[in-house]
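Here is how the chains run, residue by residue.
There are 4 protein chains.
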Amino acid sequence: MVGGGPGAFIGEVHRKAARIDGEIKIVAGAFDIDPVKSQQMGKDLAMGQDRIYDTYTEMIKQEIKLPESERIDFISITTPNNWHFPIARDCLKAGFHVMCEKPMTLTSKEAKQLQDLVKKTGKVFGLMHNYTGYPMVKLAKDMVKKGDMGEIRKVVVQYPQGWLATALEKTGQMQASWRTDPKQSGAGGCVGDIGTHAANLAEYITGLKITHICAELTTFVKGRLLDDDCNCLIKLNNGAKGILHASQISIGEEHNLAIWVHGEQGSLEWHQETPNYLYTRAINAPDQVWKRGNGYIGENSAAAGRGTRLPSGHPEAFFEAFANNYKNFTETVKCMIAGEKPSELSLDFPSVNEGVRGILFIETVVASAKSKQKWTPMKK
Amino acid sequence: MVGGGPGAFIGEVHRKAARIDGEIKIVAGAFDIDPVKSQQMGKDLAMGQDRIYDTYTEMIKQEIKLPESERIDFISITTPNNWHFPIARDCLKAGFHVMCEKPMTLTSKEAKQLQDLVKKTGKVFGLMHNYTGYPMVKLAKDMVKKGDMGEIRKVVVQYPQGWLATALEKTGQMQASWRTDPKQSGAGGCVGDIGTHAANLAEYITGLKITHICAELTTFVKGRLLDDDCNCLIKLNNGAKGILHASQISIGEEHNLAIWVHGEQGSLEWHQETPNYLYTRAINAPDQVWKRGNGYIGENSAAAGRGTRLPSGHPEAFFEAFANNYKNFTETVKCMIAGEKPSELSLDFPSVNEGVRGILFIETVVASAKSKQKWTPMKK
Amino acid sequence: MVGGGPGAFIGEVHRKAARIDGEIKIVAGAFDIDPVKSQQMGKDLAMGQDRIYDTYTEMIKQEIKLPESERIDFISITTPNNWHFPIARDCLKAGFHVMCEKPMTLTSKEAKQLQDLVKKTGKVFGLMHNYTGYPMVKLAKDMVKKGDMGEIRKVVVQYPQGWLATALEKTGQMQASWRTDPKQSGAGGCVGDIGTHAANLAEYITGLKITHICAELTTFVKGRLLDDDCNCLIKLNNGAKGILHASQISIGEEHNLAIWVHGEQGSLEWHQETPNYLYTRAINAPDQVWKRGNGYIGENSAAAGRGTRLPSGHPEAFFEAFANNYKNFTETVKCMIAGEKPSELSLDFPSVNEGVRGILFIETVVASAKSKQKWTPMKK
Amino acid sequence: MVGGGPGAFIGEVHRKAARIDGEIKIVAGAFDIDPVKSQQMGKDLAMGQDRIYDTYTEMIKQEIKLPESERIDFISITTPNNWHFPIARDCLKAGFHVMCEKPMTLTSKEAKQLQDLVKKTGKVFGLMHNYTGYPMVKLAKDMVKKGDMGEIRKVVVQYPQGWLATALEKTGQMQASWRTDPKQSGAGGCVGDIGTHAANLAEYITGLKITHICAELTTFVKGRLLDDDCNCLIKLNNGAKGILHASQISIGEEHNLAIWVHGEQGSLEWHQETPNYLYTRAINAPDQVWKRGNGYIGENSAAAGRGTRLPSGHPEAFFEAFANNYKNFTETVKCMIAGEKPSELSLDFPSVNEGVRGILFIETVVASAKSKQKWTPMKK
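Chains W, C, B and D supply the protein sequences, listed in that same order. Numbering-wise, our numbering comes out as the position in the first sequence, counting from 1, plus 38. Numbering-wise, our numbering comes out as the position in the second sequence, counting from 1, plus 38. Numbering-wise, our numbering comes out as the position in the third sequence, counting from 1, plus 38. Numbering-wise, our numbering comes out as the position in the fourth sequence, counting from 1, plus 38.
FYI, nobody ran anything at the bench for these hints, they're computed from the structure. The reader is advised that the hints may include incorrect statements.
Pairs count within a copy or across copies, as identical chains cannot be separated in the list.
With a Cα cut of at most 25 Å, we get these calculated SDA-like pairs of lysine to any residue [claimed, not checked]:
#1 Lys99 x Thr159
#2 Lys417 x Thr256
#3 Lys158 x Asn391
#4 Lys329 x Gln303
#5 Lys379 x Gln100
#6 Lys372 x Gln77
Please construct the entire structure, taking both the sequences and the accompanying hints into account.
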């Protein structure tokens with residue numbers, strides 16, 4: 039693991055989620071840019087001292103020398119955004135599989151470089167767009183694919199938060215500081231941090247691609263260097279229309295990622311904060327509430343059934359969704375190691391292509407926000 | 039009453055709502071463009087035959103001849119949209135107060151003519167934007183006004199419906215037919231029918247004005263002559279940003295008008311289909327659910343308290359909100375008749391000015407939808 | 039109308055609800071035990087002075103002298119509980135149809151006398167158990183009747199309130215005062231005021247009869263003369279079991295009447311405070327949410343369709359449920375006057391039999407609460 | 039670990055939950071009564087072959103011989119109910135700390151033996167009543183303790199399920215089979231499996247004790263040997279009254295454990311299926327929704343704050359609640375090993391005393407269900 043030092047948020051989430059199924063063990067790490075902190079974290083994790091590294095470059099260098107059976111199988115990258123690219127690049131080049139936090143890189147140029155590298159090296163690359171790991175999101179995707187909603191006409195997707203409604207970054211709060219710093223986060227603030235999740239969710243469930251964006255980015259908190267609110271009209275590649283909005287200044291909202299997909303035959307609705315329910319509607323029929331863990335879920339979506347660890351009524355949540363991405367990723371890695379072809383179900387995790395889409399989305403939104411034209415075509 | 043003949047929807051709603059408080063009695067009417075039907079409706083309403091008229095012009099002509107104490111006090115207009123203007127104009131000119139269904143007219147030119155007429159005649163003009171009649175909407179308005187949310191930053195308002203997801207107008211369904219006919223409905227389909235309600239609700243609660251619109255109008259159902267889906271980015275006059283969307287093709291949605299208002303201090307949320315609850319949020323505090331009919335409601339909003347007929351837990355709904363507009367309107371009419379100045383509370387009903395705003399909103403959205411520019415300033 | 043003087047709650051509800059459909063007009067009344075107040079109320083209602091009476095006995099006496107076409111068609115009784123019996127008795131004897139607030143009488147002896155009188159006189163007797171007027175309650179009843187739930191096994195019904203959590207009656211609050219006074223309310227406090235609604239709702243929806251009760255009545259507020267909390271186990275006549283509880287000391291609860299009915303094939307759930315939704319569940323299938331006003335509602339329940347005034351998504355609530363009882367009652371009265379046989383649909387309103395059941399229920403609960411035996415058979 | 043062989047439900051839940059925090063490692067096990075299956079499970083868990091045992095007695099015998107630093111620190115018991123007692127007894131006697139699934143034993147006699155053994159040996163004994171591990175349950179407990187609700191008057195607690203609405207045990211389904219078999223489950227069916235959770239939750243949150251029970255047990259499914267529905271009136275030791283009901287035949291219900299606590303000052307409500315929210319109510323004030331992970335949660339309850347791994351809006355659920363019990367249990371075990379006094383916060387997990395209460399509850403309910411007397415005092 040690279041990143042996830044003392045006090046880091048997402049690195050610890052990766053560790054907890056990765057442990058759940060008992061398939062993953064952290065055996066090596068360069069956890070912090072400060073070697074002292076990296077050592078401390080390694081000790082906290084009860085790791086052997088010889089596998090705690092001061093830098094990721096050293097980790098790569100030393101691990102590659104170990105016999106294959108002892109060496110790490112893959113590397114998780116959970117550093118601030120600006121480090122994602124060089125680390126992922128170097129890991130891939132050295133021959134390691136990679137699980138990378140989103141956004142994959144700071145620019146689409148870098149993103150495409152990684153895309154090429156993945157193609158060239160044949161390594162497995164996972165991108166942690168964790169929200170698509172929820173079983174009910176997988177059910178939604180499969181229902182759309184089966185045609186239960188008919189041809190899609192309209193998508194509304196949102197990701198409102200309120201935690202940056204004040205200048206939290208000026209209080210020294212770590213999460214706020216790097217997220218509002220263009221050097222560490224890239225050109226997008228709110229749009230890069232959470233808008234991308236909304237875009238990824240919409241494309242994942244509908245199987246469609248966003249083709250045009252009309253965006254308005256705003257920085258409401260004085261002195262902030264990046265946008266903290268993002269409102270977009272969108273067009274999709276089948277002619278569908280949509281709305282995508284995200285915010286960090288919507289007080290009282292937490293991680294209220296939610297989506298409504300409307301087709302010619304029916305519609306569906308899902309909310310991340312109560313993730314065990316999927317709502318569907320059809321013409322002149324009672325609404326339906328699909329509840330995770332029931333027999334009828336697996337009957338309608340093998341991916342949803344497979345991503346379920348507890349029976350109905352015992353709620354599952356964020357960690358389990360996260361763990362689902364790790365589960366499919368590790369199963370694919372295992373297949374690669376064993377020289378087998380991974381199944382379609384185990385390939386169901388966000389990859390380098392989703393990473394490229396994410397960066398293109400951010401760059402398109404930023405460009406559109408500066409444009410006086412209504413529509414900006416999605417960058418390629 | 040003009041309009042509201044046999045089978046008409048909104049006319050019957052007006053009658054039921056107007057009756058609740060026992061202050062209004064229908065004593066005269068020209069209910070249908072077909073005199074036979076008008077007669078039939080009058081009989082169904084057990085009215086005296088001499089007050090059932092074949093046309094509204096005849097009604098005006100005859101009623102004005104009656105002594106003031108016998109004559110109708112005001113005229114409700116519940117015809118299809120294209121008739122609103124001439125009838126309202128003629129009623130005002132003849133010296134009658136008017137309650138008119140929305141949209142007030144087909145064009146802003148007509149709307150401004152009415153505005154001038156109202157100013158000139160001094161008559162009371164009510165516009166039935168019924169959703170602002172809900173007590174919890176009034177509470178929301180008063181909380182924003184008191185500054186409970188702080189300076190407003192963002193507004194999200196929606197009005198999704200699904201009933202026109204198929205070409206219902208081709209089946210002869212009356213409601214669908216005139217609503218999708220530009221001659222009867224004007225330039226806006228979805229935007230005119232329900233988008234205006236969303237705009238009106240946003241301006242009513244926030245006390246702000248929409249200044250710029252970036253709109254996308256779509257007609258999803260083949261052969262339909264007007265838009266059936268409307269997505270907008272908006273700017274408000276204090277610098278706030280927003281999203282407004284409405285739809286007639288969102289299957290399973292009914293009248294899901296809902297609004298989220300985000301300020302510097304807090305936020306609020308309201309849903310028309312469960313109208314007795316207002317949700318508010320503040321920084322680092324539990325969410326609050328305000329429930330209609332409680333003592334603390336009236337303490338925070340005299341208008342909400344006044345617009346309440348039942349104690350908490352006995353739900354009130356659409357008819358009662360409708361009746362609230364009638365209640366304030368009739369109280370104002372009574373004051374005018376009595377030569378008294380109406381109180382601010384009784385003046386709390388949508389009027390000719392909201393009617394003008396509504397038409398300008400429709401025309402601006404239609405213009406923006408045709409424009410390649412991102413922002414179209416609100417017409418004046 | 040008898041009762042419903044200035045400041046009275048339920049009398050005004052009766053009036054507002056009775057007006058909605060434009061079928062009922064209040065033409066005579068003895069509104070208050072204080073003749074001055076009765077006169078005042080009559081004036082407020084803009085009634086002819088000659089029809090405002092000082093006492094109900096005088097009203098009966100005078101009205102009966104009028105020609106049938108001028109005379110009142112029926113009498114609504116909205117006085118405190120202790121007056122229900124004598125007034126209803128005298129009205130029936132005089133030949134008037136009666137709509138009576140619940141509970142019908144103070145004792146089962148009186149209740150049975152009324153039952154006999156109704157049988158003997160052939161007059162129409164309506165009892166205002168308003169909650170069965172909700173369309174979704176009617177849908178629930180019809181779904182159970184059709185067997186959609188299978189044989190019923192378990193019923194949970196509740197009616198928690200919190201408004202009497204303190205000694206409100208000592209502050210002079212009128213509603214609290216008579217409800218906690220055994221002389222005006224009879225032997226049951228909470229159980230009589232709202233427990234009866236729960237029992238009535240359970241029997242109405244399931245079509246079953248409560249046969250045994252095991253009750254615990256508690257008075258939590260010191261000095262209060264009647265119970266303010268009621269918890270019961272119940273048995274039903276098909277072998278089903280259940281729970282019925284009501285409370286006036288559950289702070290924050292308002293009129294949270296709700297019911298869960300579980301059968302061999304499925305279950306249903308309904309909540310009075312959000313009355314437009316009925317929830318049903320079946321084995322290995324998504325939950326279903328039935329929403330008032332949709333085409334599929336009327337297809338499944340003629341009574342629900344008939345009890346609906348607004349299309350789906352335009353919420354209806356308490357007044358409309360109330361008005362549904364009046365609607366069916368008046369249609370039955372009309373039939374009687376016209377010498378026609380009322381339809382089964384128009385006979386769908388609570389009557390003298392439900393009144394007797396209600397009083398028997400109260401007396402059985404009070405007896406059970408005093409008993410050391412687990413089960414007390416329902417009184418007959 | 040004892041139990042949790044191939045196909046077992048709760049054993050796998052224990053493993054997943056125990057892994058999350060990275061503090062617990064399964065190093066030894068006797069996973070199945072069939073040695074072959076035990077071996078298989080051990081291999082699946084990638085354990086050293088020498089630590090996979092055929093029987094728990096052998097495990098105890100061998101492990102105790104290992105040096106303390108290598109030996110297992112504690113034993114988790116996840117077998118069917120009838121095995122809990124002998125295994126726990128033997129583990130304690132051998133000097134191991136124990137985490138035991140509920141119910142602790144089949145009889146109160148056995149339960150008290152364990153209680154004595156724990157006292158005598160001084161070993162740490164955890165009982166997996168996992169629902170009290172939810173942060174919002176801990177917040178509820180602390181709010182009651184601080185007096186935010188005032189003196190408690192009424193408790194309503196429920197645990198409805200529907201999965202045994204048909205004779206599932208006759209299909210060979212493993213979970214259904216042992217749960218409906220008195221030899222493996224003891225005297226209580228529904229009451230033992232889930233009624234105990236409801237009782238435990240009520241006593242945990244209120245800090246009160248159930249003193250009297252009036253119970254009705256029913257077996258709705260023909261041929262079933264144990265009750266599948268349980269309805270109780272209860273009395274608590276401060277004079278509070280309550281209702282406790284559980285069911286396995288309520289179709290569509292899953293694990294709908296929920297509680298309402300009403301005090302003199304306010305009330306609270308919590309639902310296990312949406313566990314991240316706690317609802318509170320006070321007199322004449324808006325309802326409050328407390329959401330897990332916010333700063334104000336930790337400010338009101340150190341135990342809730344401590345039991346939280348993700349920021350607000352990233353939902354946590356069943357596994358994390360489960361892990362909280364393991365977390366506090368292991369911290370206490372660590373303290374014992376280190377010879378330190380565990381903090382009050384780390385002692386916040388269900389223990390042998392809760393185990394005894396649970397069995398007494400089951401025995402009292404079974405006795406009350408057979409009694410004709412209304413109230414049966416809680417066994418001691």
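Outcome of the hint check:
In this homomeric assembly, Lys99 and Thr159 come within 25 Å of each other (Cα to Cα) only inside a single copy, at 18 Å, whereas the closest approach across copies is 52 Å. Taking identical chains as interchangeable, the C-alpha atoms of Lys417 and Thr256 lie at most 25 Å apart whether they share a chain (21 Å) or sit on different chains (24 Å). Within a single copy, Lys158 and Asn391 get their C-alpha atoms as close as 14 Å, which meets the 25 Å cut-off; across copies the closest is 62 Å, which misses it. In this assembly of identical chains, Lys329 and Gln303 lie within 25 Å of each other by CA distance both inside one copy and across copies; the values are 21 Å within and 18 Å between.
Taking the shortest alpha-carbon separations for Lys379 and Gln100, neither the intra-copy value of 29 Å nor the inter-copy value of 43 Å comes in at or below 25 Å. Taking the shortest Cα distances, Lys372 and Gln77 sit within 25 Å of each other only across copies (23 Å), while inside one copy they are farther apart (29 Å).
Of the numbered hints given earlier, the model fails hint 5 alone.
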